[in-house]
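S.K.: Assemble the complex: chain A is given as a structure, and chain B must be docked to it using the hints.
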Amino acid sequence: MAAGTKALPIPTRSPFASPSGLGRSLVRFARRKPLGAVSALFLLGFVTMALLAPVFATHDPREFGLETFASPSSAHFFGTDQYGRDIFSRVVYGSRLSLTISLTAVLLGTTVGSLVGIASAYIGGRTDMIIQRFVDAMLSFPGLIFAIALVGLVGPSIKNVAIAIGIVTAPSLSRVVRGPVMSIKQNVYIEAAQSLGAGQTRIMLRHVLPNVMAIILVLATARLGAAILIESGLSFLGLGPSPDTPTWGQMLSGEALYVMEVAWWLAVFPGVAITLVVLAFNLLGDSLRDIFDPHLRGR
Amino acid sequence: MRKYLIERLVLAIPVLVIVTLGVFLLVRVIPGDVAVLRLGPDATPEELQQFREEHGLTRPLMVQYVDWVGDALRGDFGESFWERRPVVEVVREKFPVTFELAVLSIAYSAALGIPLGVISAVKQDGWTDQLLRFGAILFLAIPAFWLGILMITFPSIWWGWKPPTAGFEHVWDDPLGNLYRMMFPAFVVGASTMALVLRLTRSTMLEVLRADYVRTARAKGLAERIVVGKHGLRNALIPVITILGLQLSVLLGGSVIAEQVFALPGMGTSMLQGVFRRDYPLIQAYVLIFAAIYVLMNLGVDLLYSVLDPRIRYS
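Residue numbers (our numbering), protein chains in the order written: chain A, 6 to 304; chain B, 99 to 413.
Isolated chain A (complex conformation) (with noise of 0.2 Å):
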């Protein structure tokens, strides 16, 4: 550096990179957005109890028992089913999977989305026509029925359902990101990158991706639910992963339906957990989304 030049004044923390600057945005965030606070509060006990399954089960959730159809107790939280299995250790372990399978297949189809979405706005013209035409032909396909063939045609297994998941989330995705794209490559600053020598890859990746990241994860976070619903469907249908890892979607489907009228809590636990964390998942995407995006609040 030569002498005399004056440094310029280097901030000695971000507002981001130190915790009490994080914390102030999250305080924020929860007086802004008091439900949305309670969700994310809800969504990270929900991730601790996946993690932590083993801590949290008070039985093996596949052993049998003696204690057939025994109702709600302190001995068993959620009640036990027709084998004795304990309900509430079921409900525990079961997160994990609806969690594991919801977030690779929201990762997987958030990427993959965006980054088509991006590329088809970017470089735009016939190429942007030709893959607009193949989004219109993915989201021909109703969600439910195109992941029923997938699955039912390549068998089921936690990958199988999760990249079935994960294509039927892209095109739509791939969507919503294109627009805001399409206003951002007019940007001075896209141009002066051009002029620079930049290739498209590097402005895409660097210059547009990260101006499109908050719509990505609030689009990412509204469809955490949609894909847990999908995942309980599937199950429901017995198109869920292997039969013997207790799934939400499973625990209320095939023989529980017989003796449900006997015993509610078959019924209504894992129903009450899905509906919760899916109520979470939308309730943190709506506040999220009021945040970075004030066009779209309260559609």
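FYI, nobody ran anything at the bench for these hints, they're computed from the structure. This one's a predicted model, so the numbers in the text were calculated from it and none came from an experiment. Where a beta carbon is used, it is the ideal one built from N, C-alpha and C, also for glycine.
Here are the simulated distance ranges between beta carbons:
1. B:Leu344 / A:Met218: 25 to 31 Å
2. A:Ile135 / B:Trp259: 54 to 60 Å
3. B:Gly275 / A:Gly129: 54 to 60 Å
4. A:Arg207 / B:Leu135: 46 to 52 Å
5. B:Arg375 / A:Glu196: 54 to 60 Å
6. A:Gly160 / B:Leu402: 40 to 46 Å
7. A:Ala197 / B:Arg332: 47 to 53 Å
8. B:Ala209 / A:Ala219: 36 to 42 Å
M.R.: Chain B only, in chain A's frame:
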């Protein structure tokens, strides 16, 4: 208007081509040989080869595709592996059930969702609004199959009565009995659409009610009922109708679950059976039909939209 119409039709063609290509390839790319699946593991190589030649499976993929599309356009979807009869016969049998279910659920979700959305908007931030909004959010989170299970389980425990889940008479054979049988699954299928319609009606109503012409109508001294109903609702309905049109295909998809819960002999149940029996021609036909309905509905909604909103027609 005519230019717009032609443009929309032209755009729908490549989409349909990609959709058919997708459905065709869906069954071709998966592991497993159709001939082995159909004839069983005990079939001799000669038998397998004969089967492949008989069904044109040895020809180039492109030729097979063109043939398949040509047949599908004429309503020939091949023969069901399991039922050993033309797929189109099976579809013709199941389609009315699912279609009725979708129409019933769309009708009630509009009949309930629109008025409730208007009430919610007019009473903005009041307790009625809060309650309706909470209900809508809840209905969007409840899985359809669980709603169905609750509807069957609890009335049965409390009153020893439950919605009918056995037998089926077509609407033209026994209209009342059919309606009684269908109304519960229709409620399950349409619950989330109703919530969606409520939310959308509310938000567009709120926007419209703030418009200048609504202020003018109020200033003229018109009754609130006329302001809301005539000046407000009529304009707020345009986006709602779009959503309803698009939801029809979503509802057709959602019917798989309700048909399963309430044991209805519709396309959903039939497709699911096809999936478990690896009945490829049947699965292909259903996926194609569901997608084609969507493309056509989309087209129809676009055209309806241009009729309802002259601004689109002339721009």
